[in-house]
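Protein chains in written order, with my numbering: chain Y, 568 to 841; chain V, 13 to 369.
Treat the hints with care, since some could be wrong.
In silico lysine to aspartate or glutamate, EDC-like type, Cα no more than 16 Å apart, as pairs [unchecked claim]:
| no. | chain 1 | residue 1 | chain 2 | residue 2 |
| --- | --- | --- | --- | --- |
| 1 | Y | K787 | Y | D652 |
| 2 | Y | K600 | V | E219 |
| 3 | V | K314 | V | E355 |
| 4 | Y | K600 | V | D217 |
| 5 | V | K289 | V | E263 |
| 6 | Y | K634 | V | E195 |
| 7 | Y | K634 | V | E219 |
| 8 | V | K141 | V | E263 |
| 9 | Y | K787 | Y | E624 |
| 10 | V | K174 | V | D217 |
| 11 | V | K193 | V | D163 |
What follows is a set of in silico ranges between Cβ atoms, one per label pair, in the way DEER data are often shown [claimed, not checked]:
| no. | chain 1 | residue 1 | chain 2 | residue 2 | range |
| --- | --- | --- | --- | --- | --- |
| 12 | Y | L837 | V | E69 | 26 to 34 Å |
| 13 | V | R55 | Y | I605 | 46 to 54 Å |
| 14 | V | K337 | Y | T734 | 54 to 62 Å |
| 15 | V | E229 | Y | M745 | 30 to 38 Å |
Don't read these hints as lab results, they were simulated from the structure.
Positions of the beta carbon are idealized from the N, C-alpha and C atoms, including for glycine.
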Amino acid sequence: MSNQILTAEEKQSEHKEEENICLKEYLVYERPKTLIDIPMHYCPGCGHGVAHKLIAEVIDELGIQDKTIGVAPVGCAVFAYNYLDIDMVEAAHGRATAVATGIKRMLPDKYVFTYQGDGDLAAIGTGETIHTCNRGENILVIFINNGIYGMTGGQMAPTTLIGMKSTTTPFGRDVSVMGNPLKITELVAQLPGVYYCTRVAVNTPNNVRRAKKAILNGFKYLEHKKGLCFIEIVSNCPSNWKMTPVESNKWLEENMLPFYPLGDLKVPNLSKTE
Amino acid sequence: MKKEITLMKGNEALAEAVIRAGCDGYFGYPITPQSEILEYLAREAYARTGMVVLQAESEVAAINMVYGAACTGKKVMTSSSSPGISLMQEGISYIACAELPCLIVNVVRGGPGLGTIQPSQGDYFQAVKGGGHGDYKLIVLAPSTVQEMADFVPLSFDLAFKYRNPVMILTDGALGQMMEKVELFEPIPRKTEIEPWATVGKPLDREHNIITSLHIEPDKMEEINLHLQEKYKQIEKNEVRYEILNCEDAEIVLVAFGLVARICSKAAELARQKGIKVGVFRPITLFPFPYQQLNNIADKVKNFLVVEMNAGQMLEDVRLAVNGKIPVEFYGRMGGIVPSPEEILQKLEDILVGEKL
Ligand SMILES: Cc1ncc(C[n+]2csc(CCOP(=O)(O)OP(=O)(O)O)c2C)c(N)n1
Ligand code: SF4
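Bound-form chain V, shown alone (with noise of 0.2 Å):
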């Protein structure tokens, strides 16, 4: 079959993959850096495959424009950055709390407060533990490609309604923002099933459904949450999902996610080039976490090396998942600048200098 190859931003290629998904709904409102996700939708999306696009008067309505829309149990989803994927936390909470599929889109950008435009991955505490009250989790997907943006649009829905649970893309603004090569999967058709969970009108043969989050009782709400963290472990065993580039003999490893992590394959290149034997460790999937994997290789090599656009917060994991075997490090840059493998570089090598003193 011939390949559709093209050459897109990494918030239309993401867009294009949404329509091309079978998504039912979109709700949004404009942020930078990913007001082009609504911009292409509000385009292309309607006219292509009758696929709902509605620009919200606030992140709070969209997300609850969201839920509502996936009480119907239709594909539906939401893009946002930083300040806006705040306010969505209260409708977040509700969403994970009635176990409802979507889609939610983080392109991050630098903060706290308003912040910056420019890229960070600030956003990861409040992806991966929670952000919103009470215990819950997302399934969280990190793309380090424009490829991948598309590519986990598809696999997002995939996994939000095998585990009814909101998913999301954590992305930044440079992803956001950047050229690539893209190819495009072939469109798949909207869903024409009704989940027999969904409120959609109470045929006579069926009780009615109910789509709540409030269990007043205690031993009610603990029941829940026991089943939330029971289907949490489920995705832990199941969906695990990171990539290993030369760790075979490498005596560090760079551990980083999304865009961080390709500039950590150049970092490492350079590293070889000196006669450094450096690898990368990339966790795809943010929660469920790679713990294991990581763990694993801590058994191989001498340290590791956390690469991230924020203060140190997969650091905290790689720390759990290493705990203690071998010496992790960090370098992190914030407020929106991206770290260059020759900064990467020089820090691997402080690594070994320290290391020989």
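Chain Y on its own, in the form it takes in the complex (with noise of 0.2 Å):
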């Protein structure tokens, strides 16, 4: 079969066929129209790429694009903005909540969002986050747990685990001279201002139609105006944890999702809110 050569007349017909199988109304599936048509720059496998469509989908689905304004720090998503077609602003390492309280102070009928990685959120931005979560400011807040910091290089974050290898851990994350991993989620989950809380992950296709599903929850709340919507996406960073895309996923099953479970850790009482 793969020895034939085909004339240009098979070929042709067989391309016809392929177009006529693409035709619009056999899609099932589409890209997101607040995802820009551009190549991401972002490592194969990464789960960066998977949130930014969950968030674009989001966006479609509930028709905002037009009222969401994001904000990404630095860290791998810095350039979250070349490829979500809403407004959005660059934050310093660590100060996303505080620019979008700034915003959202301004802009109280806007949706905002912040996508932060662990070390901007939980290291350099931990007193931000917690006292944005603690002000219960009206902003959806986007955690990526990757478990290390991806755009410098693979240096221990605050929420590496025990024993995991960094290039400032080279022999494992030792306790007694780093420290524990920080469940930053879990901490914010105390506060009251604090409304929706939940992890996610989207290292399978079940876990990322959850994690779409809290996204869309995240934002809709927003809605309520009774603080502040939190969801942690434990994800993945196949380039520093030295694995391929696939075994990376299964080294995040085997390994983070024990320490950092999946599930809902502050849900929203509707019936009293609505």
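Both chains come to you apart, so use the hints to assemble them.
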């Protein structure tokens, strides 16, 4: 079969058939219109791309492209604004929730969200994170936990697991030296200003579906103006974990999820609020 | 029209002007000697104009709230004093690069470090020469009366929007705390027009707006820098402000900014009573600095005496302006000590004696 040489005519007819299959009315899946059609800079298999797509889908489905403002600070997702077709602001490392607070206070009827890595949100920006949550700012925080600093080349993050290797913990994270991994999501869930808090992952199709539902809820709950919505997305970093995408998703399942269990930490009591 | 004249503390006059200037948002953190600004606004602003007033958890957060709020194209600001302004430098550099308009008020106190809560001018370099990383400039205005504490607020917002650049009012603890007569300007309605560059949610008929200070390609980053430098040149061309007092026949000219300029006018008066012809030159904008105007005066006088509440920071700019034409002497007090007219007179007399030797 592979040796078979097709005539030009045959090639064309084969092509035509493909075209037919791809007719618009047959499509069950399309690129979300809020996701700009350009190649992403993320490494192959990286969870950032999936998370972006979910945000774009949700914005499309809710029809809020013209009412949404995103904030992406420093980290691998610093270029998120290149892919999402919404007004966006790049913030200094860790300061995203303060920047989002400023935007939201000026435009209280808009949907404002931040998109932050673990280094950003749980290390340099811990102060801003805790206080924005505690003020109950009506914004959505999307927190990508890949257990490592991606952008700067795989250094330890606050979320790095015990024993996990990184360029700054080359023999594995040692609690006696580097302290414990920080479960920032559990921490902020305690705060009365947090209205909705959940942890999802993007390593399997099923988890991706759940993650999308969470993001949809996160945006919708903002309308209640009852506090901050916080979604942790446990994700991978194949490049800095030094694994293939498939291996990294398996490793995530076996190592990250036991320490960062999926599920809701706080859900709004809807009967009361609506 | 009947003028509204009242007696006010410098910080309160500034805060009142903020409300009247139609400011949309204030984000700040308490620090002496400027906390009255936040307190006054917290008390007065929202009820009167709907202006947002928010006490942040730190100066780092406050300036980043300003950054976010400025992204929406509204009139926004913060205020602080020296150690707090140091913490804001990260955000100020980002705001300058992203070309966002905002007002930053620095009611300077004595440093370095935690220092003292008494007045100082020790933050001149930080305000005028950068302070954060990279090549950027703030437009810096230095009031010398409580009246100017108020009047420079609407002016700052105008300049900030005209150039899409942060503007700093650089004042000091004494001006912030002292009471004087102020004539208040008529309130300006809050802004309703939407800036075309603002991130307010993308309507279907325009491209998405992106506000960033990240330009990873060196060519692009250099282009941005060249653009900023070009903008600063325009500001230098159009916005120099200064005040000259009795310089026509002067032999010696005192050069000072802010509160010290007023003390210098008193010293000049005392000097003239003794037959010494002294004038005063006061830069009002510290960036853009009145280099040319000082240079022109240097053609006509024998000496400049720069007086500051620091170790000689504006002195460097005066020397640049004079370019060796005449001697530039310096008298400075530090650590929160305000020089008296008598001390300055003494220094003037010393200079004259030195010349005769
Ligand atoms: C003030 C400041 N400090 C340090 C850096 C360098 N830096 C850039 S990205 C980053 C870590 C980002 O890690 P994370 O937030 O986990 O995001 P990821 O890249 O993993 O998606 C660091 C330390 C910076 N840009 N600014
Ligand atoms: S370095 Fe890691 S987090 Fe960054 S894009 Fe690559 S895989 Fe994703």
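Structure-based check of each hint:
Taking the CA atoms of K787/Y and D652/Y, the gap is about 19 Å. The hint is violated against a cut of 16 Å. Among the hinted pairs, K600/Y with E219/V is consistent with the structure: their alpha-carbon atoms are about 13 Å apart, no more than 16 Å. For the suggested pair K314/V and E355/V, the alpha carbons sit about 20 Å apart, so the restraint of at most 16 Å is broken. Note on K600/Y and D217/V: the hinted pairing holds, with a Cα-Cα distance of about 14 Å set against a maximum of 16 Å.
For the hint pairing K289/V with E263/V, the CA-to-CA distance comes to about 5 Å; that is within 16 Å, so the pair holds. The suggested pairing of K634/Y with E195/V is violated, with an alpha-carbon distance near 42 Å, which exceeds 16 Å. Restraint check for K634/Y and E219/V: the C-alpha separation of about 14 Å stays at or below 16 Å, so the hint holds. Of the pairs offered as hints, the one joining K141/V and E263/V is violated, with about 31 Å between alpha carbons and a cut-off of 16 Å exceeded.
For the proposed pair K787/Y and E624/Y, the alpha carbon gap of about 14 Å is at most 16 Å, so the pair holds. A C-alpha spacing of about 26 Å is found between K174/V and D217/V, which places the hinted pair above 16 Å, so the restraint is violated. Distance hint between K193/V and D163/V is fulfilled; the C-alpha atoms sit about 13 Å from each other, no more than 16 Å. About 30 Å separates the C-beta atoms of L837/Y and E69/V, a value consistent with the hinted range of 26 to 34 Å.
At roughly 50 Å, the beta-carbon separation of R55/V and I605/Y lies within the given 46 to 54 Å, and the hint holds. Between K337/V and T734/Y the beta carbon distance is about 57 Å. The supplied range of 54 to 62 Å therefore holds. At about 35 Å, the CB distance of E229/V to M745/Y agrees with the hint of 30 to 38 Å.
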